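Work out the full structure, taking the sequences as your base and the hints as a guide.
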Amino acid sequence: MNYQYLRYLARTGITYLHPHRREATELLIAQLDLRPGEQVLEIGCGSGATLVEIALRYPVQLRGIDLLEEMLAVARRRVRLCGLTGRIQLQQGRENIPLPFADASFDKVYCESVLGIQDAASAQLMLGEIYRVLKPEGRFVTNEAIWKTGIPEDRIATINRAGLSNFGLRQASEEPWTLPNWLALFR
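So in the numbering used here the end of the sequence shown lands on 188, straight run, no missing numbers.
It should be emphasised that the hints constitute simulated quantities derived from the structure, not laboratory data. Watch out, some of these pointers could steer you wrong.
In silico EDC-like pairs for lysine to aspartate or glutamate, Cα to Cα no more than 16 Å straight-line [unchecked claim]:
hint : residue 1 : residue 2
1    : K136      : E71
2    : K136      : D104
3    : K136      : E39
Since this is a predicted model, take the numbers as computed values, not measurements.
Set out below in structure tokens:
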């Protein structure tokens, strides 16, 4: 994957990159069912907007990890300007490398528009890592774009080729993931 488009978005300081933007993030936050003192990880934290939203509402400890230093620079600035440096820790991750956290470190883990743009093998590796760092009774919540049932595979391939060519990113995984296929990844 080419991250040129995401680097561009980092320069703009964009807040929410995913479909349905803040509305979808609000639903994700509600589904996390956060409790005081919990350890929470965001994978692909981007500009840090969701981390800040959570920190302003809930007394939890937050960590964010992202592949792009450009996104982390925006997130660090946002965290600093909001006075949340003691509550939110940020670090750079590496592609297809185990998460730099011990097993069972987090009560909650979430991501938005991260798994859905991966190929199936990368998404499965990432899910394995997510469940490794999640505590046994922990919760994982994600907000991802998937394909509606009935969209022809050749149309999916055409859309993804255009996305990769123009932006370096897929619209959604090149796998013809529909809701049943997507849910199968979590089993």
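Contradicted hints - numbers only: 1
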